[in-house]
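Peer 1: Below, each chain spelled out in residue letters.
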Amino acid sequence: MTRFGLARGGMFAVVLVSLPLFGLQHWVLNLLIFTLMYAGLSSAWNLVGGFAGYPSLGHAAFFGFGAYFVALWFQHHQVTSGYEPFLLLPLAGLAAALVGVPFAYVSMRTRADVFAIVTITLLFVAQTLAYNLSSLTGGAQGVALPIAPFALRRYEWPFYYAMLGVLLLSLLITFATIRSKVGLSLDSIAADEDKALGVGVHVQGVKVTTFAVSVGLVAMAGGVWAYYQTFIYPGFAIDPLITIGMVLMTFLGGRATLWGPVLGAFILVPVQQYLAYQLGANQLYLIAYAVVFLLIMLLMPRGILPTIHDRMRRRRQIQQTGTGDPSPDLALAGGPGSQGVPVPKGGDL
Amino acid sequence: VHALVQGVILGILTGGVYALMASGQTLIFGIMKVVNLAQGALVIFAAYLAYALFTSFGVDPLLAIPITTLAMFGLGVLIQVAFLRPLKREDASQLSLLVTFAVALLLEGVMSAVWKTDYRSINTGYANSSWAVLDFQFPIVRVIAFVLSLLALGLLFLLLNRTKFGRAVRATVQNPMSAQLLGVESKRVAALGFGIGAATAAAAGSVYGLLYPFNSGSHYDLISELLSIVVLGGLGSVGGAVIAALIVSTSAAVVATTISPVWSSFTFFVILILVLVIRPQGLFGTVERGAI
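Heads up: the sequence lines are chains F and D, in that order. For the first sequence, our numbering assigns the number 349 to the last residue and increments by one with no breaks. For the second sequence, our numbering assigns the number 292 to the last residue and increments by one with no breaks.
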């Protein structure tokens, strides 16, 4: 990452930290909280789904895990509702990561399609569990959390900063991953896992650790969400649409890029909320959402950032050599000056 | 013991229906390497079609099957041509997974817009009667469903093994590139194959509507069960899907009768995990580089 990239990251953090100080309306802050939440979720998903190339459809199960973790902790332990529940978040993340390890160990024996199938099954199983273990989770009746005693004028602030914290943590971890050997290992796994194993990459360890970190982050976001919603039930906390949101935003912005998932979330969440507001009843909303989903997949399967990145690279090449390279595939394979050097997968973007 | 045997009977009878649904799904995977996450939604959609024909025209859901089969075949071809054919990139299989998920959401949205989200069921005169043989209950609907599914599976088998089209399909399953070189029109095979996969949902939908109450969200339960079956049988193996369906639904029924119906759907997942630990490629799957 260049100095420019570092400045960009710093700017991003400073702008988001100072945003609430401008006295925004409640609905704007509410929208921002959900945007930050999905940005964090998508960034976390990107570690497994983007960098490692394992399209998990089960992350919403861990989102629900985090939500229930915080909600049930309230029920069984003495927690003052206030700022104290936020201290639970690292614990929720850790617990989810620990649950994720054996699950990843088993499910990551499969690849691509079958992995997606196994994880989506996990999603429905988690939902079934949440409904059936009613003595623990309250079943279909759900769990209510105490309403936080924050001053009305600044009610959203703590949730906003908590979500922002999760997002920045996700981004930092992603950044560290890209810069380190782990990122290279993940790259090689995504490209060809058998060869990666052959040249001595610790495939299993890297995969399982990445999965655990990813679902831990997702669970932390789930914990904040539950406290913000003050009421959760299985179909709400473990919702296929949450998984789809993460996947879709990552695909839109660009898989395996640092900023792609964030960009995707900042575009799609407002669209999502607008559709929900305009169309109200969830039937039409679902149709509109599915259509947006299909359009993104069909028109921009690679995502915004990689597409821009390619275009810029090609333009630079034209300027350097005077000859345009019309084929994007050739441009990707490395033009003059970059021959033999593996192109980092959009690491800078 | 009586309850156990009764559970096994019910399980096998229900297994026939699951076998039919799963065979369509595994066929689609075999031909196109597409995991069709919309299969459950297609089944529910077919159930709604049968429901609509029954309530507005009084057509018996079982007699409606030829009509709904045609409709579902058309819908399947349409989905393939409109949404799956345009995907050309090398990661098409990962994208197609998401596209079929989007199709499932789209179908769910359409179904809940047209039929609302309350549970519907198709109540024919014979819905609740059953035959008693040696003290064991054979619900008529399930027996008919079982026979029908066997019939449909038999037709599918004949189609795949006795026709020119079937040979083209099997060739594509074995080696798409060679099949194409030998003159198989892979695009047409893919479209028709998806159509046939969707068409199996028609018979399954009618039967499902007779057996269970359903709403637009029911496809989520269905798809997770179908996916477990398909993975257990080995992706792409029709025979494997049939056997896996019988195994899974029998064990689910046994759990339902001996432990609690609440946990029967859980059986699917437990079996799936066991399979992944012991034999990741499924019972009848072949190890394919880069796939499993």
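Quick caveat, the hints were computed from the structure, so don't treat them as lab data. Heads up, a few of these hints could be off.
[Said to hold, decoys possible] Incomplete in silico selection of chain D near chain F, CB under 10 Å: (1) 77; (2) 78; (3) 81; (4) 83; (5) 92; (6) 99; (7) 119; (8) 143; (9) 146; (10) 170; (11) 220; (12) 246; (13) 247; (14) 260; (15) 263.
Remember, predicted model here, so these are calculated numbers, not experimental data. Using N, Cα and C, we set each Cβ at its ideal position, and we do this for glycine too.
Peer 1: All hints are to be evaluated individually against the structure, with a verdict given for each.
Peer 2: Hints and how they fare:
1. 77: At about 17 Å, which exceeds the 10 Å cut-off, the nearest Cβ of chain F leaves the hint on residue 77 of chain D violated.
2. 78: violated, 13 Å
3. 81: For residue 81 of chain D, the interface hint is violated, since the closest Cβ of chain F sits about 12 Å away, which is over 10 Å.
4. 83: Hint holds; residue 83 of chain D Cβ to chain F Cβ min 6 Å, cut 10 Å.
5. 92: Interface hint status for residue 92 of chain D: holds (9 Å vs cutoff 10 Å).
6. 99: holds, 5 Å
7. 119: violated, 14 Å
8. 143: violated, 29 Å
9. 146: violated, 25 Å
10. 170: violated, 20 Å
11. 220: holds, 6 Å
12. 246: Cβ of residue 246 of chain D sits 19 Å from chain F, so the hint is violated.
13. 247: violated, 16 Å
14. 260: holds, 9 Å
15. 263: holds, 7 Å
Hint check: violations occur at hints 1, 2, 3, 7, 8, 9, 10, 12 and 13; the rest are consistent with the structure.
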